[in-house]
Amino acid sequence: YDAYYLRAQKVRTLIRQDFELAFEQVDLIASPVSPVPPFRIGEKLDDPLAMYLADIYTIPANLAGLCGISVPCGFAEVPGAARSLPVGLQLLARPFGEPDIFQVAHAFEQSTDWHRQTATA
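Residue numbers (the working numbering): 160 to 280.
If you are wondering where the hints come from, they were derived from the structure by calculation, not from laboratory data. One or more of the hints may lead you astray.
Unchecked claim - Simulated restraints, written as ranges between beta carbons of each label pair:
(1) ARG166 / GLN276: 40 to 48 Å
(2) TYR164 / GLU236: 38 to 46 Å
(3) ILE218 / ALA162: 16 to 24 Å
(4) LEU222 / ARG275: 29 to 37 Å
(5) PRO194 / GLU268: 18 to 26 Å
(6) TYR164 / SER190: 27 to 35 Å
(7) ALA189 / ARG242: 22 to 30 Å
(8) TYR163 / HIS265: 35 to 43 Å
Since this is a predicted model, take the numbers as computed values, not measurements. The beta carbon of each residue, even a glycine, is placed where N, CA and C say it ideally should be.
Let the sequences and hints guide you as you build the complete structure.
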């Protein structure tokens, strides 16, 4: 257990260092929340790897201690789903960068209406 924990801490440090380098060049990072459209309820219960991979863009930010926010940015048509499902835009900033994140998220919502829309059948 100790060896696993120490290795995980080293990986976490590397992830944090990579983000620190990125934030030397930019104030914010924008990305999709997930690399795949949303799953239908219960669809991936038997496939934990697919569920973990759907979080691939959010987990590194959590490990690095970054602040982030997800804002609605559209809908995806998912085969077999009764309606379109929402997708999100993730904004990340360095630790304690919440004022920057809130300002950009607010500006995005003021210039779009995704946050007011509901999924279509």
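Quick rundown of the hints versus the structure:
Distance hint check: the CB atoms of ARG166 and GLN276 are about 44 Å apart, consistent with the given range 40 to 48 Å. A beta carbon spacing of about 42 Å between TYR164 and GLU236 agrees with the range 38 to 46 Å that was offered as a hint. For ILE218 and ALA162, the hinted distance range of 16 to 24 Å is satisfied, since their beta carbons lie about 21 Å from each other. At about 33 Å, the CB distance of LEU222 to ARG275 agrees with the hint of 29 to 37 Å.
In this structure, PRO194 and GLU268 meet the distance hint of 18 to 26 Å, their C-beta atoms being roughly 23 Å apart. The supplied range of 27 to 35 Å is met by TYR164 and SER190, whose beta-carbon atoms lie about 28 Å from each other. For ALA189 and ARG242, the Cβ-Cβ distance of about 26 Å falls inside the hinted range of 22 to 30 Å, so the restraint holds. Distance hint check for TYR163 and HIS265: the Cβ-Cβ separation is about 41 Å, which falls inside the suggested range of 35 to 43 Å.
When the structure is compared with the earlier hints, no violation turns up for any of them.
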